[in-house]
Structure formats: structure tokens, C-alpha cells
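Visitor: First to last, the protein sequences are chains A and B.
Be aware that the first sequence starts at 253, since it is given in the working numbering, and climbs by one per residue.
Be aware that the second sequence starts at 358, since it is given in the working numbering, and climbs by one per residue.
These are computed hints drawn from the structure, not numbers from a lab.
Here are the computed distance ranges between Cβ atoms for each label pair:
| no. | chain 1 | residue 1 | chain 2 | residue 2 | range |
| --- | --- | --- | --- | --- | --- |
| 1 | B | Q515 | A | R331 | 48 to 54 Å |
| 2 | A | Y279 | B | F417 | 32 to 38 Å |
| 3 | A | M351 | B | G619 | 18 to 24 Å |
| 4 | B | P516 | A | M356 | 34 to 40 Å |
| 5 | B | E498 | A | T376 | 43 to 49 Å |
Partial selection, computed: residues in chain A whose CB lies under 8 Å from chain B:
| no. | residue |
| --- | --- |
| 6 | G286 |
| 7 | R300 |
| 8 | D303 |
| 9 | N308 |
| 10 | F336 |
| 11 | M352 |
All C-beta atoms, glycine included, are put in the ideal place defined by N, C-alpha and C.
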Amino acid sequence: MSSHSHAAHDGHGHGGGHPLVGHLVPYSTLFATGAALLVLTVITVAVRYVDLGEANIYIAIGVAVVKATLVSLFFMHLRWDRPFNLMVLVGSMLFVILMMVFCMMDVGQNEPTVAPGNAPLVQTYLDSNAPFAPVTSK
Amino acid sequence: MSHATHADSHGHDGHDGHGHDPHGLHAKYPFLAHHFDTPNQQFESGKLGMWAFLATEVLFFGALFVMYAVMRFTDPEVFSFASRYLDTILGGINTCVLILSSLTMAIGVRAAQTNKKGLLVTCLALTLAGAIGFLVIKYFEYTHKFHLNLKWGEAFYQPVDEAEAQLVKTEPAPVANPVLAIASPNPSAGAAGAELVSLPPVDRTAIAAPKAGPDGVVSIESLKEKAAAAASHAHEEIPHLVDPGLPPNTHRFFAIYYIMTGLHGIHVLIGVGVIGWLLVMAMRGRFNSNYYAPVDFVGLYWHVVDLVWIFLFPLFYLIH
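Start from the sequences, fold in the hints, and give me the full structure.
Guide: Written as C-alpha cells, this is what we have:
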């Protein structure tokens with residue numbers, strides 16, 4: 253099928269329903285893609301109820317990436333399209349990932365917003381006035 | 358292929374168009390705009406333009422996904438707590454609805470390519486039904502949450518009715534031992550407190566009112582009431598304000614939830630508009646195997662709407 257690439261359709265647009273432009277995707281491919289997407293949806297919902305610790309979110313995102321790949325390759329014809337269209341999509345995604353990585357590197361260095369122990373005002377009061385509080389140096 | 362090479366010699370300088378039509382392509386294909394040489398060039402140019410638009414959509418949603426990541430990394434407990442208020446079943450049904458409507462859209466493109474007008478109209482109608490069905494389910498999800506005040510910002514902290522307002526109400530005055538109440542929100546500390554109260558009296562006037570917290574110091578009694586109210590309900594029935602497990606800043610989850618699913622919902626709404634327009638055009642027989650670019654390009658848009666939801670669904674509904 254991939255031999256029917258772009259720009260090769262000029263001039264035979266009327267025979268057998270073959271399009272003048274673009275690429276025909278067989279019904280079997282479309283239905284197989286749809287079925288795979290539904291199965292993957294069931295899998296990712298099922299994994300939600302199983303405690304795999306850290307792995308849960310990676311599996312969820314991994315399944316989503318596989319589903320996104322199936323949609324873009326087969327439903328969106330990128331499998332047979334001009335490579336430049338794929339580059340446009342992947343390029344935009346790379347920039348999103350770039351922003352994501354740098355933001356997460358930054359957030360990873362943040363101090364925790366919730367300090368352990370009591371709030372400062374409460375701790376001051378406890379130190380000075382609590383029953384049996386240790387005598388603190390003034 | 359030969360006219361593609363000929364095109365360079367006479368195609369670009371003069372836009373008086375139809376005078377320069379050595380292969381009769383413009384006469385043969387009325388849909389071929391005068392500034393394109395071949396139907397294929399026109400189709401591929403339009404498609405590239407569509408992909409450029411879709412790239413901006415990816416960046417548009419990408420910024421929100423980065424925002425989501427930062428918020429979830431900052432408050433992971435908020436996300437694992439609040440996602441239980443989302444209906445996984447409804448979300449899963451909506452995922453399947455979008456996938457099936459993507460499938461019917463892809464079949465519709467093939468139908469247009471093969472001159473099957475009836476199939477094209479059927480597929481577009483099914484896709485439109487999927488889009489509207491998605492919005493209807495989303496409407497029920499939204500209204501349910503609005504009813505429970507599961508909203509963004511300050512509204513998240515408003516009791517939904519008088520009964521909940523009484524449950525949430527905290528009274529600073531009747532605290533027997535303010536020191537213990539301040540020091541420990543754990544209700545079991547009250548037992549130890551009973552013994553300690555007989556110890557040297559505490560100068561209550563020395564306690565400054567807390568700066569933060571509109572309801573003042575949390576009393577042990579109110580915590581006990583909350584725990585009792587929580588225990589007497591199934592989990593989903595607990596009003597979030599009296600759920601003892603409510604982490605601070607849970608309203609943030611609903612802020613990002615409404616922003617992302619709302620923006621996606623607007624895209625679905627736009628999809629309803631353009632697919633409806635396609636349906637009317639298809640019924641009028643405007644598309645055929647030579648000219649079906651609008652079907653193909655709206656299909657690409659619709660698949661991107663599906664793609665975004667494929668990521669939104671696990672990130673909001675499927676947090677373990």
C-alpha cells in the first residue's frame with residue numbers, strides 16, 4: 253500500500269473509485285485500529301483499580317501514547333502521508349516535551365510548602381506556655 | 358507527472374490562471390483554484406495548512422498539560438483524593454464514544470474517497486451523534502459537580518446547604534483546652550486532654566487568634582462531628598468539606614479539571630458545528646472522490662480532539 257505515495261495519483265482519478273488525491277485506507281485497517289483503541293481503553297481503566305505504585309501513572313501514560321500513535325498513524329493517514337506532516341506533529345510535541353522537562357526540573361527543586369511540625373505562632377506558644385513545657389531561654 | 362515539471366515554466370508568474378491551462382486541469386476540475394497547478398498540489402497544500410493549525414493546537418493544549426504536571430507534582434495528594442469525585446464509568450463511556458466517532462469519521466473519509474454518498478452521510482451523522490453524546494454526558498458530569506460545589510477557587514469551600522453549613526461550622530469558644538486543640542487536630546488527643554486540664558491553668562488570653570483560617574481554631578468537638586458524619590455515609594456521599602481526608606488546596610484539582618476538560622469541550626462543540634456543516638454539504642452531494650478535502654481536514658481536526666481526550670482521560674479519571 254505504501255507504494256501509493258503522494259503525488260502519484262494524477263491522471264487516474266476515475267477508475268474504480270480510486271481517489272485523485274490522498275490515500276485509501278482499507279476498512280480492515282480502520283476497524284482493527286478502532287478495536288485496538290477500545291481494548292486499550294479497557295486495559296487502562298482496569299489498571300486504575302490495581303495498585304502498582306509508581307508504575308500506575310507510567311502505564312496510564314504509556315497506553316495513552318500507544319493509542320495516540322494508532323490514531324495518528326492510521327486514522328490520520330500519517331502512515332502513508334508526506335513525512336513533512338509527521339514532522340510538523342512530532343516537532344510540536346517535542347517543544348511541548350521540552351517545556352515540560354524544564355518546568356519539571358525546576359519544580360523538582362522547590363522547597364516543600366508544608367514545613368514539618370507546628371505553625372510558628374503555635375510553636376512559640378507551646379514553647380512558652382504549655383503545661384510542663386521546657387523552660388526556654390529568653 | 359509531466360505537468361508538475363511543466364508548471365514551473367508557466368505556473369507562478371501569471372495569475373490570470375485559466376489562460377495558462379495546457380493540460381486542461383482547471384477546466385476538468387472546477388474545484389481546482391487558479392493558484393494551484395494540480396488537484397494533488399491543492400490537496401497537499403491544504404493538508405499541510407491543516408497540520409500547521411493542528412501543531413498550534415498541540416502547543417495550546419501542551420501548555421495546559423505542563424500546568425497540570427506542575428500542579429500534580431506540587432500537590433500529588435490533592436490529585437489522588439479529588440479524582441475519586443470523577444465518575445470513571447462516565448469518563449470511560451465518553452472515551453469509547455469519542456473513539457467510535459473517530460472511527461466513523463475515518464470511515465466517512467474513505468466513503469468520500471470512493472464516491473459512496475450514502476455511507477458518507479451515515480458516517481458523518483454518526484460522528485455528529487457521538488460529538489453531541491459526548492457533550493451530553495459531559496453536561497451531566499459538570500452539573501453533578503456544580504451541585505456539590507466541586508468547583509474551582511473559593512466556591513469549592515462554600516457549603517451546599519444549611520445542613521452542611523452546620524457540619525462545617527467550627528466554634529473557637531467552647532474549647533476546653535485550647536493548647537491541645539491547637540497542637541493536635543487528632544480527636545483522640547481529647548482523652549489525654551481531660552487529664553491535663555486539671556493541671557496549672559492556662560492563660561487563654563495569651564492565645565492570639567490565628568491569622569489564617571476564617572473559621573478560627575478547630576475544636577475537637579467539630580472534628581468528632583465531622584468524623585461521625587463521614588463514617589455514616591458511603592464514601593461518595595460524604596460532602597467533600599467534611600471529609601476528614603480532604604487535603605489542603607483541593608480546589609486546585611477542580612480548577613485544572615475545568616480548564617482542560619472545558620477547553621476540550623469547546624473543541625468538541627466546534628466539532629459539532631463543522632461536522633454538521635459537512636453533513637449538509639455531503640447531503641447536497643458536494644463531495645466526490647476527486648474533491649473531498651473538507652471531509653479529510655475536518656477528520657484530522659476531529660482525530661486531534663480525540664487525541665487530547667485520550668490523554669485527559671487517564672490523567673484525570675484514572676489516578677490510582
